[in-house]
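Since the structure of chain A is provided, determine the placement of chains B and C on it from the hints.
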Amino acid sequence: MNTQSAPAAPVAAVPPSGASIHRLPQDRWRSVEIVFWLIPVAAFFSFPGYLVLGSQILIVGLFAVSLDLILGYAGIVSLGHAAYFGLGAYTAGLLATHGWGEPLSGLVLAGAVAGLIGWLAGFLVVRGEDLTRLMVTLGIALVLFEAANKAAFITGGVDGLGGVTMWKVFGIFKFDIVGRVAYLYSLVVLFGLFVVLRRLVHSPFGLSLRGVREKRKRMPAIGASVREREIAIFTVSAAVAGVAGALLAQTTQFVALDALGFGRSAELLIILVLGGTGRLYGGLVGAAVYMIAQDILAGINPVYWQFWIGALLVVIVLFARGGIMGGLDLLNAKLSRRKT
Amino acid sequence: MNLSKLKSAATAVALAAAAAGANAQEPVKVGAVLEVTGPFASIAKQIENGMRLYMARNGDTVAGRKIELIIKDSTGAQPDVAKRLVTELVTRDKVDFVVGFGLTPNAMAAAPVVTEAKVPTIIMNAATSAIVSKSPYMARVSMTLPQVTMPIAQWAVKNKIKRVYSLVADYGPGLDAEATFKKTFTGAGGEIVGEVRTPLKNPDFGPYIQRIKDAKPEAVFIFLPAGEQGISFMKGYRERGLAEAGIRVIGPGDVVEDDIIEAIGDSALGAVTTHHYSAAHDSAANRDYVKAYTDKFKMRPNFMSVGGYDGMHVVYEVVKKLNGKLDPDKAMEIIKGMKIDSPRGPIQIDPNTRDVVQTVYVRKVEKKNGQLYNIEFDKFENVRDPGT
Amino acid sequence: MIANLVGVLFDGVAYGALLFLISIGLSVTMGLMNFVNLAHGAFAMLGGYTTVVLMTRLGVPFLAALPIAFVVAALAGAVLERLLYRRLYKASHLDQVLFSIGLTFMAIAAATYVWGPGLQPVTLPAFLIGQVKVLGLELGAYRLFLVAVVIAITVALVLLVERTRFGAQVRASVDSQQASAGLGIDVNRVFSLTFALGSGLAGLGGGLGIDVLGLDPTFPIKYMVYFLLVVAVGGAGAIKGALVAALILGIFDVAGKYFVPDVGAFVIYVLMVVLLIFFPAGLYGRRG
Chain A
0 MNTQSAPAAP VAAVPPSGAS IHRLPQDRWR SVEIVFWLIP VAAFFSFPGY LVLGSQILIV
60 GLFAVSLDLI LGYAGIVSLG HAAYFGLGAY TAGLLATHGW GEPLSGLVLA GAVAGLIGWL
120 AGFLVVRGED LTRLMVTLGI ALVLFEAANK AAFITGGVDG LGGVTMWKVF GIFKFDIVGR
180 VAYLYSLVVL FGLFVVLRRL VHSPFGLSLR GVREKRKRMP AIGASVRERE IAIFTVSAAV
240 AGVAGALLAQ TTQFVALDAL GFGRSAELLI ILVLGGTGRL YGGLVGAAVY MIAQDILAGI
300 NPVYWQFWIG ALLVVIVLFA RGGIMGGLDL LNAKLSRRKT
Chain B
0 MNLSKLKSAA TAVALAAAAA GANAQEPVKV GAVLEVTGPF ASIAKQIENG MRLYMARNGD
60 TVAGRKIELI IKDSTGAQPD VAKRLVTELV TRDKVDFVVG FGLTPNAMAA APVVTEAKVP
120 TIIMNAATSA IVSKSPYMAR VSMTLPQVTM PIAQWAVKNK IKRVYSLVAD YGPGLDAEAT
180 FKKTFTGAGG EIVGEVRTPL KNPDFGPYIQ RIKDAKPEAV FIFLPAGEQG ISFMKGYRER
240 GLAEAGIRVI GPGDVVEDDI IEAIGDSALG AVTTHHYSAA HDSAANRDYV KAYTDKFKMR
300 PNFMSVGGYD GMHVVYEVVK KLNGKLDPDK AMEIIKGMKI DSPRGPIQID PNTRDVVQTV
360 YVRKVEKKNG QLYNIEFDKF ENVRDPGT
Chain C
0 MIANLVGVLF DGVAYGALLF LISIGLSVTM GLMNFVNLAH GAFAMLGGYT TVVLMTRLGV
60 PFLAALPIAF VVAALAGAVL ERLLYRRLYK ASHLDQVLFS IGLTFMAIAA ATYVWGPGLQ
120 PVTLPAFLIG QVKVLGLELG AYRLFLVAVV IAITVALVLL VERTRFGAQV RASVDSQQAS
180 AGLGIDVNRV FSLTFALGSG LAGLGGGLGI DVLGLDPTFP IKYMVYFLLV VAVGGAGAIK
240 GALVAALILG IFDVAGKYFV PDVGAFVIYV LMVVLLIFFP AGLYGRRG
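Residue numbers (numbering that gives the first Met the number 0), protein chains in the order written: chain A, 0 to 339; chain B, 0 to 387; chain C, 0 to 287.
I should point out that these hints are in silico values taken from the structure, not numbers from a laboratory. Treat each hint with caution, since some may be false.
[Said to hold, decoys possible] For lysine to aspartate or glutamate, the following EDC-like pairs were computed, each having C-alpha atoms within a straight-line distance of at most 20 angstroms:
| id | chain 1 | residue 1 | chain 2 | residue 2 |
| --- | --- | --- | --- | --- |
| 1 | B | K133 | A | D175 |
| 2 | B | K212 | C | E137 |
| 3 | B | K93 | A | D294 |
| 4 | C | K89 | A | D129 |
| 5 | C | K239 | C | E161 |
| 6 | B | K212 | C | E161 |
| 7 | B | K65 | B | E316 |
| 8 | A | K167 | B | E261 |
| 9 | B | K93 | A | D129 |
| 10 | C | K132 | B | E243 |
| 11 | B | K366 | B | E261 |
| 12 | B | K335 | B | E365 |
Chain A on its own, in the form it takes in the complex (with noise of 0.2 angstroms):
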């Protein structure tokens, strides 16, 4: 470990009370990180009933996470990521209705197929100003769901692709109707995934795209290049949507045309937006608090779900645009200012 004090203590320092917090990002595991990561855990033992809601509310978890990267961090607004999760679901549907039910090597694949059309859509979606891209990656992901939809012979079409039987995991563990392994999986690949991406997001790299995000016209003069760096962070978005996608699959043993729907790819710019964008963990965040919510409260009354979903949108954007974690941010500096 470093032990220079000197210059490593401007970095360290508390900042004046009332200004905002701009440190220089760590590296290192904050203990609130430690105890967010136990909840999951916690919650397998103490919400044994729910543990197919709670699968879902993590693989969505990881899908924000993946739209927070290309959004949150590289400011791209892509209104069309359903794509890249419906690609992974497909392929590795199809991946165990061919016949090879193993679940990583699943995972793997349907992330690579994701990760290369992403690739290939990324040279697009660089072109052009914010409208030209919403409307390319909602093209994109129109197209696909049009070709899923044709292609029904191999996708099942509307009625979906059902048979996706999946082998044990590590040729130990069974998927079980109670959703115990699926859960418990799900977990395992997002914590993986993330602890891969928080280092990405901390590192020279992941510092860039800020620069691209906020000041997109100067990153040429200090010789960044602005495309290969949002082609780069498109492709790797789109290779984590297609793992969640995958998962979603290979969980519940199904995948449906709306995998890459547009209502999708709308209810997850909700979620990371009320989660909070451009901290990895407003994804998740905001996944487990929409998918609760709307668990208990869809079930009351489904039309007016949908109304105070809208309402609060609204509320956020004018008032809240930080969403959850900008809120705890702010609760955050008002109990530290109290502290000195």
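Just chains B and C now, with coordinates in the frame of chain A:
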């Protein structure tokens, strides 16, 4: 798990065991998975209304046990959501029956779950042939598309219609309908002069209808998902003068079903369709049903509501016959071969396939008391699902 | 064969005309205020439901209901602009997208609550049903009416923009808000009026389109893609661009479905992606 939780769990298990044996006041839980919100909400509404009407007319207690209905929203054609909901219903809520499913993909996704959990499942609307074969615990009370499509082909042949153009929506049921019609019609010597599969999200049928007009058939066979597509098509049919050109509309009754026929308006007049239920079906049982339904819900019942109604009847019959002591395999034995006096007419659940066997009526759209109805004028009895 | 071609072309033009009418408001909003308003379809939906309510509850004839739909939607636009949209002019595009999606959800839920999830029926006046013989061709009467209305409105719009003072103010504000404000143009007022006008036109289009596009609570989402397409391909802020884009898209969509029905639905999306590759700022868009 801590000790107090363990204790309560043990108590619960003991109570449940006692209850099962003693047949106490435990309610019979019926879990319904329906597409309550989203583009198929009107299907769910009719099914739910049918279920609740049955419960209202027959009381909610059978053999000393109360019937408790739990409705879950799959929000549309979302098989992964439906699968999760069914899993939760059988593992968390421990339902005794699973019912509902307005859409095929949702029913398909649920099949492995109800098989593993051994829960009798009643399909109340989803219409693809293959569904009930996916689980030995599934039975259907509604209809299958091939079942109601085959008779229209037979009727066309009987009425010397030789040249037909086929237009169906490009999805599972549409392709099923197309395949069934073609097989039956061409098998009897008819000619399909052209065919097209329209995209599901299609706002406008103009170009397709123009193609039909150009092909000059005697009739156009159509299958579209019940709702706006049917309306859109019939409008185009009227606007482009297909009726004037002597081209009739034939097909399964989905395109002019009772829920939307008024929305289509007069351009529906004269369409000949085959289906298992019409609100104008002339029987005392149906007149009662329609009146009770309209009084309670202020709308006209359609074929989906009858699926809900008859499905609840099956649940009640099973509970009654088993005197409240439910067992999944015994329940399935009772369901197989069950005969039901439905508002639509007499129906039976086939003991081998667990699918519904019923009369399919040939109807024409006419005006009755200033409103549009499908008036039955012919029928084919004991029609089984021919498969695809 | 030629008659077919012309017939298909005409259908495409009618469809495109309808798209243009609804989308022009969005195009101007985006060009003028640089605001990505995904809720634009909700104003069209409002116009549609207004028309239905007027016709079925109050017995107002179709032709009279349309201008009222325009006014209602315009008023709604004006109110929302002042209360909500105005706060987000300087916000990022993402924020605007999220905000407008939120508004859209609220509109859909409200419509479902009030009118139910089903399709709304509309009975057109008798003289607009059926076909009309024009130069030896059978053309749909209602589509002819549509095209006529849109032509009239387009002419009026062009006159408004090119010949009136207000139009000049709009053009100036589109070019540069700062300079216009500096010249004493009340830019806020220009924004409000333009937004109201755009929403009103959307409402009118919604009412006109019930017969062709169908009206149910999910209308804003169903057609959002088409409106965005027109604006993205045509270039924001350009009337001519929106018109050309709408016509191209309308014709290709219809022709695609007629000539290659198996892939008809694809055509429009692929076309969009292709056009955006070559014209990232739209056909008539301003670069930079």
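Hints and how they fare:
| no. | hint | in the structure |
| --- | --- | --- |
| 1 | B/K133 to A/D175 | holds, 19 angstroms |
| 2 | B/K212 to C/E137 | holds, 12 angstroms |
| 3 | B/K93 to A/D294 | holds, 18 angstroms |
| 4 | C/K89 to A/D129 | holds, 14 angstroms |
| 5 | C/K239 to C/E161 | holds, 12 angstroms |
| 6 | B/K212 to C/E161 | violated, 44 angstroms |
| 7 | B/K65 to B/E316 | holds, 14 angstroms |
| 8 | A/K167 to B/E261 | violated, 54 angstroms |
| 9 | B/K93 to A/D129 | violated, 49 angstroms |
| 10 | C/K132 to B/E243 | holds, 15 angstroms |
| 11 | B/K366 to B/E261 | holds, 10 angstroms |
| 12 | B/K335 to B/E365 | violated, 37 angstroms |
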